[in-house]
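> Sequence:
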Amino acid sequence: MKVLFMGTPDFAKESLEAVYNANYEILGVVTNPDKPKGRGMKMIASPVKQFAEEKGLKVYQPIKVRRNEEFIEEIKSLNPDVICVVAYGKILPKEILDIPRLGCINVHGSLLPQYRGAAPIQWAVLNGDKKTGITTMYMDVGMDTGDMILKEEVEIGDDETTGELWDRLSKIGGELLVKTLEQIENGTAPRTKQGEDFTVAPMLDKQMAKIDWDEKTASEIKNLVRGLNPIMGAYTFLNGKKIKFWKVAIATKREIIAEGMEILKNGTVMISDPRDGLFIKAKDGVIIVLEIQGENAKRMPISDFLRGNQINEFEVFK
RNA sequence: CGCGGGGUGGAGCAGUUGGCAGCUCGUUGGGCUCAUAACCCAAAGGUCGAUAGUUCGAGUCUAUCCCCCGCAA
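For the first sequence, the positions run 12 to 329 when our numbering is used.
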């Protein structure tokens, strides 16, 4: 079976690698163009491109695919049996979807029809879900609305971060894609319509990363912190300085019971000590900061941070 | 040349107008204690990222280089 692969980030690279290791004939790899990245704005190739070049696969990097006749003709001439699309980053026009005789297969990081859209994994963690998963589907012109093929459920750990879940799902995505290809090849692949009971997981925007001490409960803050780790990091301000939290816990009742605590504003520092840690009052409980990052500094354990950075009790995060 | 921050004992930081290199922890030894990650006493540990320069004198000022980090994508 001849496969054309389309994808860009590391999540997609795992799928490409799985397909490659399963010995499918890969006609080519389509990925987003190199972009200036990081300090000094150096041009960086996508993980998918890096893998493709390593294995000597043909790489295509069209700037746009819609109304790009040259590119569309090129794909037609490759005559793929199936196109695998994993986090490619561009919406494919019907002209391309119609090319492969066995269809375009997509790997999506949620249990469809939940979390259609760009950031399914992030939202599952942000919402504190207990489980999520991977779905493979036949693509159609809608946004993740195609008929489903295979699904695999995954439990989300209480303290798991988006990054950790992302890595696990990347691997599972690759495995499920190969399984899907096998079933398509031997004609046993199921085809299930998505129900209408769907939710959408839009791209994350900057604003949501700021901790709202007045509105958010302790568990909501915890979910925000782990949901944005390592993408953006949840942040707050202390004395005008931007501070990011990378890991927090919620104090259990025994750990701290302060008298008259209700009077304090949400965000107030209750305990700040290199040994004991950093405890902050939240709307309905106490947040314990475990990993923190100061302005222009790197992430570090709270104990390290408090050795050199003074945070006084009764100061308020806002 | 996208913008910005930084390299100081093992860790995280401070170091004012250039004038003996400090803080909080950790480590080691001792003490106190039924006991302790607590407390008390003491000690070890730094050619202040590299090179060149200015100066009576440079962690501090100048130039170049190496490395790290944040933002932005």
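Just so you know, the hints here were simulated from the structure itself, not pulled from any lab data. Ideal placement from N, C-alpha and C gives every residue a C-beta, glycine not left out. Misleading hints may appear alongside valid ones.
[As the list claims (entries may be wrong)] BS3-like cross-link-like pairs, simulated, lysine-lysine; straight-line CA separation at most 30 Å:
(1) Lys190 to Lys217
(2) Lys204 to Lys87
(3) Lys221 to Lys87
[Claimed, not checked] Just the calculated beta-carbon pair ranges, DEER-fashion:
(4) Asn32 to Glu273: 34 to 44 Å
(5) Glu81 to Asn250: 18 to 28 Å
(6) Gly206 to Arg50: 42 to 52 Å
(7) Glu186 to Asp216: 24 to 34 Å
(8) Ile74 to Phe325: 15 to 25 Å
(9) Gly305 to Glu193: 43 to 53 Å
> Does each hint hold? Answer for all of them.
Now the hints, each set against the structure:
Note on Lys190 and Lys217: the hinted pairing is violated, with a Cα-Cα distance of about 37 Å set against a maximum of 30 Å. For the given pair, Lys204 sits about 28 Å from Lys87 by alpha-carbon distance, which is consistent with the 30 Å threshold. Simply put, Lys221 and Lys87 have alpha-carbon atoms about 47 Å apart, too far for the 30 Å limit, and the pair is violated. Take Asn32 and Glu273: their Cβ atoms lie about 58 Å apart, and the range 34 to 44 Å is violated.
Taking 18 to 28 Å as the suggested C-beta distance range, the pair Glu81 and Asn250 does not conform, at roughly 56 Å. Separated by about 46 Å at the C-beta atoms, Gly206 and Arg50 satisfy the suggested range of 42 to 52 Å. Look at Glu186 against Asp216: about 32 Å separates their beta carbons, and that is inside 24 to 34 Å. Range check, Ile74 to Phe325: about 55 Å between beta-carbon atoms, so the 15 to 25 Å window is missed.
Checking the proposed 43 to 53 Å range against Gly305 and Glu193 shows it holds: the Cβ atoms sit about 50 Å from each other.
In summary, the structure is inconsistent with hints 1, 3, 4, 5, 8 from the numbered list given earlier, while agreeing with the others.
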